[in-house]
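First to last, the protein sequences are chains Z and U.
Read in this note's numbering, the first sequence has 286 at position 292, and its numbers run on one by one without any break.
Read in this note's numbering, the second sequence has 1864 at position 387, and its numbers run on one by one without any break.
Hints may contain errors.
[Stated by the list, open to error] Derived DEER-like restraints, expressed as beta-carbon distance ranges:
id, chain 1, residue 1, chain 2, residue 2, range
1, U, Leu1501, Z, Gly129, 43 to 53 Å
2, U, Leu1505, Z, Gly9, 49 to 59 Å
3, Z, Phe232, U, Gly1898, 37 to 47 Å
4, Z, Arg121, U, Gly1898, 57 to 67 Å
5, Z, His108, U, Leu1505, 27 to 37 Å
6, U, Tyr1827, Z, Ser117, 48 to 58 Å
7, Z, Ser262, U, Gly1898, 27 to 37 Å
8, U, Gly1877, Z, Asp50, 26 to 36 Å
9, Z, Gly9, U, Phe1509, 47 to 57 Å
10, U, Tyr1827, Z, Gly100, 25 to 35 Å
11, U, Gly1898, Z, His108, 33 to 43 Å
12, U, Phe1509, Z, His108, 26 to 36 Å
13, U, Leu1715, Z, Arg121, 27 to 37 Å
14, Z, Gly9, U, Val1823, 57 to 67 Å
No wet-lab data here; the hints were simulated from the structure.
Treat the numbers as computed from the prediction; the structure is a model and nothing was measured.
By construction, the Cβ of each residue, glycine as well, lies at the ideal position given by its N, Cα and C atoms.
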Amino acid sequence: MYFLETEDVVKQYSGHLALNKVSIQVPKGKIFGLLGPNGAGKTTLIRIINRITAPDSGVVLLDGRLSQPDDIYRIGYMPEERGLYKKMKVGEQAVYLAQLKGLPYGTARKRLIHWFEKFDIMSWWNRKLEELSKGMQQKVQFIITIIHEPPLLIFDEPFSGFDPVNADLLKQEILELKQDGRTIIFSTHNMASVEEICDEIALINRSQVVLSGDVTEVRNRFKGNTFLLCLKPSAHAFETNSCQYSILSDETDKDIRNIRLRKDTNISNSDLLNLLTSQGEILSFSEELPSMNDIFINTVSSSKSTTI
Amino acid sequence: MNKIGLIIKREYLRRVSKKSFLLLTFLLPFLFVAMVFVPLWLSTIKGDEVRTIAVIDATGKYASLFQDTESYRFIQSDKSLDEYRQNDNKEIYAFMHITGDLLKNPGAAALYSEKQVPGELSRLVNQVIGKELEEEKMASFNIPNLKEIIQESKIKFDIQTIKWGADGKESKSSSMVASITGLIFTLLIYMFIMMYGAMVMQGVMEEKSNRIVEVIVSSVRPFDLMMGKIIGICFVGLTQLFLWGILTAVLFLGSQLFFGIGIDPQMAGVNAVAQPGMDMSGVIADHAELFEVIKTINFTQLALFFILYFIGGYMLYASLFAAIGSSVDNQEDTQQFMMPITILMVFALYAGIYSMENPDGPLAFWCSLIPLTSPIVMMIRLPFDVPYWQLLLSILLLYGTSILIVWVSAKIYRIGILMYGKKPDIKEMIKWIKYK
């Protein structure tokens, strides 16, 4: 069941195609990574989902039906370029922004106090925003994004501006939101965090979706038949010349010998393992999946070369 | 939950609780009233010091003419000027030195003092000697009763202007009072549109450079955000106007009681600008008559139309300002777009001022119909009773154009607030209007 779908969304700006028939499917209750280099069209797509701009053609479906104007209250959006009123008191403006999202005054206040206490920033309620550190402002921003408890959350580069401690706090909060059954769209350049928390991804490059699917499935798709073999170092010679596999690297670190090898395509994993057991004391044997970072770079640069 | 109401409320409360707003709103009427009353009040205070003026008259003809006044005492002296100059003489303030017949040689008299001779004293001297010389001259013609003849031939003439009401009733009118009233309202509406229009632009730019817009437009339509701001600030302007009106009226009444100066507010304004000695009675015979003239101006109607034109004109210009504020990233870039608008406003102001001479002429007529200038120019015409069809047409045109401009500006605003980096040109902004 998809919570959000876009179908063939096209957006044209003067002399520049921002989105070219972009279709994504975001499953309910999952974290969906929207990836892509700068200027690929991610922000435009997010703005269309948020109904900030309208697509030239194509549709956005929320919960299986066409997105309605009132659906914006079912979305919590934290933009990449974010800010608050500098001269306004933190609590006052949090209440104001929560009211704009449709919460009545009393509820807004109650929920905000709960979150401010959770994030340990209650003492800043009556201070002006400009007196807060950047990290604290980001916390306020995060609270405002989720305050109306929307079923869909969109975070555009959420970790930028956070120190490692607060970034981890934020990550935990995002995972907690997922536990609650919220659907989360996560747009980022930080591929390590994608591997860590995303269930599905779509990679947009040059206004088009060039890659999408389940994170593990995508990584499997890109695997290069490489394995990491850890052996106990011994005098026993390791057969480095074989027609079944080729050695990529061979390093001995203290009492572990790490060998990275690529197997031949016509041999099964078990056969390879059989072949290797005779060559030394095996500590571990595992298949290496490519990192999202490599996949990202490969896909983006290859799509560049094909279009040129 | 009404979003636009929330935005209006925030914009309004934030601005009226600002110190600068409170200061300006409550201080300006005081300043205004003080400007009128303090000079009046000061002029009634006489120094208690009586200054001694020594008159050294070589001819002996003039010295006896000087009568002591409240502030000056004249003594005739036989000593020479040099004697005084060499000795210390603190008790004498100034020396009047007359060396010859002034009718033949007007340069034969001078006032000496160690201090700057006050204008009051030289005026007094001029008056006394001038009158004497005039009489001497008249006597020298040897015509009997010449003085009486001249006195009788001094005729003052001031034509009455009378306005016919719809029912044929006559009432005295004064084009000058009408002009001044119109001018005050013209300047007021010009100032308010400029001041509050610029405030809208500042607000829009603040939100854009703060990067809060994208947070807000994800829950509010950009149109609501823009209109909320424009309307909120409009209420701020109306509040200020209202408070100024009330405060000025109260202060004027209070000051009149306090100072015991029996003049009505408009008259006070006229008096304050008039220099002492300038004869205002040539313009308006007396206070009662002035009051009657002022009463012919329909202030309720004037105030009503002022509010109507202010709202219409403000909407028009403020939404233009909002569109400009949304399209640029910083203050410097606004100049290029502000220039044509400022020129238009200044043109309207000048057109208004020139229309004062001929409030029913073609310049006044057309400029009070064209929506970009009508709020300003119509103010000058209003006290002169504009035909109702013109008022109606002008208002309709103004509000129609305002709605159109608001619509166009909203289109530009919607795209502009999310555009960073490049400064757009007019061509690009026109493209934005067409975006879906």
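Hint numbers the structure violates, sorted upward? When the structure is compared with the hints, numbers 1, 3, 4, 5, 7, 10, 12 and 14 turn out to be violated.
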